[in-house]
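**Student:** According to full-length UniProt numbering, the sequence shown is numbered sequentially starting from 1.
Keep in mind that the hints were calculated from the coordinates and are not lab data.
Just so it is clear, the structure is predicted and the values come from calculations on it, not from any experiment.
Hints are supplied without guarantee of correctness; some may be wrong.
Straight-line Cα separation of at most 30 Å, DSS-like style, residue types lysine-lysine; simulated pairs [as the list claims (entries may be wrong)]:
| no. | residue 1 | residue 2 |
| --- | --- | --- |
| 1 | K83 | K270 |
| 2 | K419 | K229 |
| 3 | K419 | K494 |
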Amino acid sequence: MSDAAVAEVAPSREVDLHAEVEKLVTRLEQEANQNELLQETVADLQRALYEPGWIRLTASGEHEFSPEAMVQMRAICRLYAIKSPLFRSALNLRSSYVWGQGVEITARANGRQDGQQDVQAVIRAFLDDPSNQRTLTGAGARDQLERYGLGCDGEVFFALFTRPATGRVQTRILPADEIAEIICDPEDADTPWYYRRRWTHVGRDARGNAVRETREQLYPAIDYRPTSKPATYAGRRVDWAAPVLHMPVNQPLGWQRGIPDTYPAVDWAKAYKEFLEDWARLMRSLSRYAWKASAPGGRNAAVRTRLASPPSRDPASGEVNHAGATAVLPPDVQLEAVSKSGATLDSDSGRPLAAMVAAALGIPVTMLLGDPGITGARATAETLDDPTERAMTQRRDLWAAVLHRVLRYVIAASVLAPKGRLSGSVTVDDWGQQVVALDGDTDPTIDITWPRLDDVDMAKLVTAVVEASSTQTLPPEVVARQLLTALGVRNVDKLIEQMVDADGNFIWPNTPPLGSPAAAQRRGGDPAATGPGPMVPDEPDEPNTDDDEPVVEQLALNLPDLPRNSRRRRRA
Numbered sequence: 001m002s003d004a005a006v007a008e009v010a011p012s013r014e015v016d017l018h019a020e021v022e023k024l025v026t027r028l029e030q031e032a033n034q035n036e037l038l039q040e041t042v043a044d045l046q047r048a049l050y051e052p053g054w055i056r057l058t059a060s061g062e063h064e065f066s067p068e069a070m071v072q073m074r075a076i077c078r079l080y081a082i083k084s085p086l087f088r089s090a091l092n093l094r095s096s097y098v099w100g101q102g103v104e105i106t107a108r109a110n111g112r113q114d115g116q117q118d119v120q121a122v123i124r125a126f127l128d129d130p131s132n133q134r135t136l137t138g139a140g141a142r143d144q145l146e147r148y149g150l151g152c153d154g155e156v157f158f159a160l161f162t163r164p165a166t167g168r169v170q171t172r173i174l175p176a177d178e179i180a181e182i183i184c185d186p187e188d189a190d191t192p193w194y195y196r197r198r199w200t201h202v203g204r205d206a207r208g209n210a211v212r213e214t215r216e217q218l219y220p221a222i223d224y225r226p227t228s229k230p231a232t233y234a235g236r237r238v239d240w241a242a243p244v245l246h247m248p249v250n251q252p253l254g255w256q257r258g259i260p261d262t263y264p265a266v267d268w269a270k271a272y273k274e275f276l277e278d279w280a281r282l283m284r285s286l287s288r289y290a291w292k293a294s295a296p297g298g299r300n301a302a303v304r305t306r307l308a309s310p311p312s313r314d315p316a317s318g319e320v321n322h323a324g325a326t327a328v329l330p331p332d333v334q335l336e337a338v339s340k341s342g343a344t345l346d347s348d349s350g351r352p353l354a355a356m357v358a359a360a361l362g363i364p365v366t367m368l369l370g371d372p373g374i375t376g377a378r379a380t381a382e383t384l385d386d387p388t389e390r391a392m393t394q395r396r397d398l399w400a401a402v403l404h405r406v407l408r409y410v411i412a413a414s415v416l417a418p419k420g421r422l423s424g425s426v427t428v429d430d431w432g433q434q435v436v437a438l439d440g441d442t443d444p445t446i447d448i449t450w451p452r453l454d455d456v457d458m459a460k461l462v463t464a465v466v467e468a469s470s471t472q473t474l475p476p477e478v479v480a481r482q483l484l485t486a487l488g489v490r491n492v493d494k495l496i497e498q499m500v501d502a503d504g505n506f507i508w509p510n511t512p513p514l515g516s517p518a519a520a521q522r523r524g525g526d527p528a529a530t531g532p533g534p535m536v537p538d539e540p541d542e543p544n545t546d547d548d549e550p551v552v553e554q555l556a557l558n559l560p561d562l563p564r565n566s567r568r569r570r571r572a
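Start from the sequences and build out the full structure, keeping to the hints where you can.
**Tutor:** Structure, rendered in structure tokens:
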């Protein structure tokens, strides 16, 4: 390459490098501007977090509410639950979802097998105790605990008063306002030790006059079972015979107390109430003046006097003509109705306020107001009902956990009592806690069965159970339980107890079905003893007087797929 060519290439390279440098400088300037803009935006967002409104909100929720504030909160929620139609409807609906269909509680160990203790008898005695029916296990008590205990107080304190000699457990509810403090393990804030209760005791003197006295006492937590049980703690008496189970709801992380279900809806229920009051006041004001009279200036006083006079009366009955009366006025006076166009206000305009109440309580606004409105189509109602059923199922699970814990304590109390119905052993685990175990081949499992919330075709449920039974992998008593539950039969556990013998074998309603000789042989019995079954049916005119026939036999009459040999008992 010649010197001239080299001289021409060198300037062109310098130009290209200069242009590239300018592009890089421009790009760096753009990125610097963007970074500066982002920094300003982040700074603005950070400053917004410290605005007075947010500071007040975070300051109120940074720490747990004081005991005085919690007492005031619960009082407001209780007042609205008694007074507000929205609160009353919502709480009734939630309680109906949870407890409206009842619940089945059954212990698997019923003492029918060799070496097995009758845990079911202990559980049944606790559930049927009249005092427990009034506070926990009765239908009225459950409804009250759901509506007012969790709905208005946000928590329930169950005190399990136990008789050391017999192990009898009686449940009582400690008012949430009387629990002044929850004392926890100093090394673990999630492990409660004691509940400090302060209340005013009202006694009677010899003359029957009320004598008030302020008392304080500690109740141990139900899971706090130290090997050494001091009579006092921090100078206060400890009642070890009445452990407490705390059931909070809507509990923020790190808080000790629960928040009422109705607390988020208080402001919106009040706003909806005020809206309807304003609407009623407006309607009343619009209805005050129904007619407008126009007259020349000189006749205003006469028209005013004429209109202010009392209305005429019916000549026949003498009653006042409130409606349809005739106004007799001079020709130059005009009487016309007051125009209300543009002055009316639709009451449905407050529906969004009611929707906020419904959202706070987890129910559809259509159910809360009892009015489907324009969105009341069947598909919409079913769509809104699905999340409600899920929320109520979650509340059912919470109640099931509480009932499980209470019943486990009932079993343990019966074991520890010298005259208790159950026997077992007591050991101490690595954490120094007492562990109670039943003797023998006794299963302490407790089954809590809730009816389905969704509407499922009963025929489909029965068909599914029958198909599952045809696989011959389920015991007959399990199939019978599922059938009875699907048909909505109450007291299923009592019926199942009547369907098994002392050895736990299922008793068929008629005679043993096909395959029973083989089953008898596997159990070590005589296959020939099962018999072929009845061959001659009852006469048509012979009534069946056996009123104690199990319900499962009645099911077999309508279910041809169930194994059976005849539809009636064999005559003696």
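**Student:** Taking the hints in turn, state whether each one holds.
**Tutor:** We went through each hint and held it up to the structure:
1. Between K83 and K270, the direct Cα distance comes to roughly 11 Å. Compliance with the 30 Å bound is thereby established for this hinted pair.
2. Taking the CA atoms of K419 and K229, the gap is near 22 Å; set against the 30 Å cutoff, the hint holds.
3. In summary, the hint linking K419 to K494 is supported, as the alpha carbons are separated by about 26 Å, within the 30 Å threshold.
Taken one by one, the earlier hints all hold for this structure without exception.
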